[in-house]
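Peer 1: Residue numbers (the UniProt record's numbering), protein chains in the order written: chain A, 1 to 397; chain B, 1 to 364.
It is worth saying that the hints were derived from the structure and are not from the lab.
Accuracy of the hints is not assured; some may be wrong.
[To be verified] Mimicking DSS-like on lysine-lysine, the simulated pairs with C-alpha atoms at most 27 angstroms apart in a straight line are:
(1) Lys248/B - Lys180/A
(2) Lys251/B - Lys274/B
(3) Lys274/B - Lys392/A
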Amino acid sequence: MNKTLRDRAQRLREEVREFCRHEMPAALRDKSHRHQVLDKDDYLQWMRLLDAKGWVVGHWPQAYGGRDWSSLERFVFEDELARHGCPWIIPFGVKYVGPVIYTFGSEEQKRRFLPGIVKTEEFWAQGYSEPGAGSDLAGLRTQAVRDGDHYVVNGQKVWTTYAQWADWLFCLVRTGNDGKPQNGISFLLIDMRSPGVTVKPIHTMDGYHHVNEVWLENVRVPAANLVGEEGAGWTYAKFLLKNERTAGAIVGLAWHVLERLKKLARETTRDGQLLIDQPLMRNRIGEFELRFMALQEVAYQAVESMVEGTDNGGEASLIKVRGTELYQEVAEALVEALGAAGIAYDTAALHSAGLPPLGDDDVGGILKEHFYNRAATVFGGSSEIQRNIVAKAVLGL
Amino acid sequence: MTTDIETISMLRDSLERYTAEQYDFLKRWRVLEQPAGYSAAAWQNYAEFGWLALRLPEEEGGLDGDAVAQGAVMEVVGRRLLMEPLLASALLATGLVVKLGSPGQQAELLPALAEGRLKLALAHEEQLDGQSCWVEAGQLTGAKQGVLHGDAANRLLVTARDERSELQVYLVDATGEGVERQAYRLVDGRRAANLRFFGTPAERLGDEGSPSAADVLATAFDEASVALCAEAFGAASCLLEITNEYLKVRKQFGKPLASNQVLQHRMADLYMLKEEIRALTRTAQQAMLLPAAERGRVVSGARAYICHAARNIANEAIQMHGGIGVTEELEVSHYFRRLMVNAALFGGRDWHFTRFVESTLKSA
Ligand SMILES: Cc1cc2nc3c(=O)[nH]c(=O)nc-3n(C[C@H](O)[C@H](O)[C@H](O)COP(=O)(O)OP(=O)(O)OC[C@H]3O[C@@H](n4cnc5c(N)ncnc54)[C@H](O)[C@@H]3O)c2cc1C
Numbered sequence: 001m002n003k004t005l006r007d008r009a010q011r012l013r014e015e016v017r018e019f020c021r022h023e024m025p026a027a028l029r030d031k032s033h034r035h036q037v038l039d040k041d042d043y044l045q046w047m048r049l050l051d052a053k054g055w056v057v058g059h060w061p062q063a064y065g066g067r068d069w070s071s072l073e074r075f076v077f078e079d080e081l082a083r084h085g086c087p088w089i090i091p092f093g094v095k096y097v098g099p100v101i102y103t104f105g106s107e108e109q110k111r112r113f114l115p116g117i118v119k120t121e122e123f124w125a126q127g128y129s130e131p132g133a134g135s136d137l138a139g140l141r142t143q144a145v146r147d148g149d150h151y152v153v154n155g156q157k158v159w160t161t162y163a164q165w166a167d168w169l170f171c172l173v174r175t176g177n178d179g180k181p182q183n184g185i186s187f188l189l190i191d192m193r194s195p196g197v198t199v200k201p202i203h204t205m206d207g208y209h210h211v212n213e214v215w216l217e218n219v220r221v222p223a224a225n226l227v228g229e230e231g232a233g234w235t236y237a238k239f240l241l242k243n244e245r246t247a248g249a250i251v252g253l254a255w256h257v258l259e260r261l262k263k264l265a266r267e268t269t270r271d272g273q274l275l276i277d278q279p280l281m282r283n284r285i286g287e288f289e290l291r292f293m294a295l296q297e298v299a300y301q302a303v304e305s306m307v308e309g310t311d312n313g314g315e316a317s318l319i320k321v322r323g324t325e326l327y328q329e330v331a332e333a334l335v336e337a338l339g340a341a342g343i344a345y346d347t348a349a350l351h352s353a354g355l356p357p358l359g360d361d362d363v364g365g366i367l368k369e370h371f372y373n374r375a376a377t378v379f380g381g382s383s384e385i386q387r388n389i390v391a392k393a394v395l396g397l
Numbered sequence: 001m002t003t004d005i006e007t008i009s010m011l012r013d014s015l016e017r018y019t020a021e022q023y024d025f026l027k028r029w030r031v032l033e034q035p036a037g038y039s040a041a042a043w044q045n046y047a048e049f050g051w052l053a054l055r056l057p058e059e060e061g062g063l064d065g066d067a068v069a070q071g072a073v074m075e076v077v078g079r080r081l082l083m084e085p086l087l088a089s090a091l092l093a094t095g096l097v098v099k100l101g102s103p104g105q106q107a108e109l110l111p112a113l114a115e116g117r118l119k120l121a122l123a124h125e126e127q128l129d130g131q132s133c134w135v136e137a138g139q140l141t142g143a144k145q146g147v148l149h150g151d152a153a154n155r156l157l158v159t160a161r162d163e164r165s166e167l168q169v170y171l172v173d174a175t176g177e178g179v180e181r182q183a184y185r186l187v188d189g190r191r192a193a194n195l196r197f198f199g200t201p202a203e204r205l206g207d208e209g210s211p212s213a214a215d216v217l218a219t220a221f222d223e224a225s226v227a228l229c230a231e232a233f234g235a236a237s238c239l240l241e242i243t244n245e246y247l248k249v250r251k252q253f254g255k256p257l258a259s260n261q262v263l264q265h266r267m268a269d270l271y272m273l274k275e276e277i278r279a280l281t282r283t284a285q286q287a288m289l290l291p292a293a294e295r296g297r298v299v300s301g302a303r304a305y306i307c308h309a310a311r312n313i314a315n316e317a318i319q320m321h322g323g324i325g326v327t328e329e330l331e332v333s334h335y336f337r338r339l340m341v342n343a344a345l346f347g348g349r350d351w352h353f354t355r356f357v358e359s360t361l362k363s364a
């Protein structure tokens with residue numbers, strides 16, 4: 001691994017750390033420290049802050065306003081932000097559709113969409129999953145039928161994160177039914193204000209509205225909004241999924257929640273003894289630390305192999321499975337260690353600076369994250385699907 | 001003292017029939033939406049069917065229900081995720097009145113409890129360790145937290161030290177002067193309260209003839225733990241049934257999810273966990289008749305194992321449902337949250353595990 005690259009990544013990490021410690025606006029920092037519910041404006045502010053630093057599309061080529069980051073820098077950037085408990089970088093524009101557009105889109109599409117993505121002036125949502133097409137994405141049935149210089153789209157998408165805020169939906173649709181299900185899929189950009197688009201909320205068990213059903217009824221989409229070639233959408237979708245799985249954030253998230261567990265254990269007395277001094281807790285934290293070390297090392301070396309081009313295609317799956325599963329277990333241990341505070345849930349307090357019924361000011365947020373992230377092993381390719389990938393693509397089974 | 005099998009199966013049947021009609025998942029939504037966090041109407045029905053007299057002695061018109069009888073009720077509570085204070089009031093608090101209360105107190109409280117007019121909640125846990133609430137000249141001072149159904153209760157049973165620094169249980173008017181209640185929702189939609197007492201009038205539960213309050217409390221907590229084991233069994237069984245069914249009907253890649261061997265094996269593991277929960281629940285119920293040390297060992301062992309096993313089942317049920325598993329709309333996440341709350345009641349897993357290990361090593 002080239003030393004200059006490593007040094008660059010290390011410098012970036014220090015810059016990001018500096019930013020998190022000293023430049024984050026206090027209000028946003030407090031909200032994210034408490035894992036408070038963030039609204040669209042919070043996210044806009046956050047994404048634009050990152051843009052002002054030149055980071056939000058740091059991984060894009062310079063030609064499109066990026067910084068040509070290597071996979072390592074990208075990883076380090078996401079990892080460091082997550083370690084500081086920063087807000088989520090909403091990925092749909094900057095990580096998902098943006099790269100698809102600059103890689104496969106027309107000049108007109110690049111001109112039309114990329115600036116709005118970089119500046120987060122337009123919000124995007126990802127219209128992949130359908131009621132019948134979850135893990136089996138190629139089973140999707142939303143139809144797009146050509147009618148002059150338009151497509152007429154009918155179907156239903158589901159689990160569409162933040163569709164309620166979105167201006168645009170990038171959508172996988174079926175334009176043909178020949179041969180394998182992967183054939184005949186196309187990649188369309190749909191204006192959410194088009195007649196026939198209906199967004200219905202789905203509430204998750206944390207009590208919030210992150211995801212939606214998106215119904216498409218005779219929605220007319222200009223043919224100019226087709227990305228690349230008709231019927232080649234699966235290629236673009238796979239390209240995008242590869243980006244979805246470069247999960248630097250998961251390492252940082254696991255670190256963050258483990259730090260919180262240690263802090264709680266140091267501050268909480270139970271049965272006459274600090275938790276951190278109780279053998280069970282010491283043992284548990286020790287096991288987590290060990291697994292975290294393995295995760296971190298494997299992740300780094302995997303990312304380095306990607307930079308060097310010696311990766312075998314299983315690395316992203318490895319990081320995702322190990323990272324999300326560790327994260328979930330630590331979060332579970334943290335909630336358990338909270339005792340009575342870990343089962344009290346005041347959803348109103350999560351929208352304001354209100355205190356939870358019991359415990360520190362971030363306890364409600366810890367629970368919210370714990371609930372939401374039960375889905376971390378489901379979305380972005382479930383743990384089972386990741387294991388299938390490793391078994392097939394890496395082990396040849 | 002054991003409740004006869006016929007009484008138990010009648011109890012189970014009537015509860016199952018009632019809840020199937022009146023407390024299915026859709027009807028339960030209306031209960032969840034109620035500000036009280038439980039259904040007053042259902043509570044009244046429970047009283048009419050005699051279920052609130054479960055813990056009362058036969059002389060008082062009760063069923064004198066033992067751990068197995070209580071378990072039959074709690075299993076249905078777990079299957080249907082009933083929101084009413086059956087455990088907090090009808091089992092735990094009523095049990096304390098039966099064992100500790102003076103004849104006068106029993107005569108006053110027990111009929112009201114059985115008729116559903118009176119709901120009691122036990123306030124025990126404190127923020128800092130130990131028991132720092134105290135009573136002097138009939139006045140209670142201190143604070144309690146996390147009192148399950150503490151806001152629905154008309155009267156409270158509060159653990160506190162008396163003038164001789166002995167642990168006692170006191171009866172306090174929950175709505176009277178000198179009580180501050182901060183009520184809130186738990187993650188499963190039930191409610192709890194934090195309480196503060198400022199020289200609140202308090203009457204000791206019991207008299208000279210009563211047994212030691214500390215011993216009675218210890219037994220009562222074990223009894224509540226055993227009840228939670230049975231509730232976990234009910235909830236875990238349902239989760240397994242729901243997930244099993246889902247894997248058969250949900251198709252991906254052109255075939256049912258159930259045809260993936262990896263998921264079949266996971267279900268087989270969950271089935272084994274569920275059977276272990278069943279067996280340990282029964283063992284813990286029987287252990288309630290043993291001497292205190294052995295009882296505690298077995299009950300805590302069961303509780304520690306079951307907390308872990310039930311959580312495992314809940315996590316897996318969500319995972320195997322995919323996205324739908326984390327929604328508010330589907331039962332699965334509600335079972336998950338109920339089990340999460342229960343795991344934190346009356347000693348968490350670590351507490352029970354430690355108690356189990358310590359007493360096993362001592363007795364070995
Ligand atoms: C919070 C959240 C946000 C989301 N955001 C978006 C979004 O913005 N846009 C979007 O398009 N989608 C989104 N998704 C959808 C997500 O990608 C899907 O949930 C995921 O693909 C799984 O599909 P499914 O939920 O239909 O589960 P299923 O595919 O039905 O899977 C159910 C279970 O079966 C397992 N399984 C399936 N097939 C196999 C197999 N062959 N072998 C072994 N096990 C198998 C799965 O791993 C899972 O455990 C989101 C989901 C959630 C929960």
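Peer 1: Hint by hint, note whether the structure agrees.
Peer 2: Structure-based check of all given hints:
1. Lys248/B - Lys180/A: Roughly 25 angstroms separates the two Cα atoms, so the pair holds.
2. Lys251/B - Lys274/B: holds, 26 angstroms
3. Lys274/B - Lys392/A: With Cα atoms ~33 angstroms apart, lysine 274/B and lysine 392/A exceed 27 angstroms; violated.
Hint compliance for this structure: hint 3 is the single one not met.
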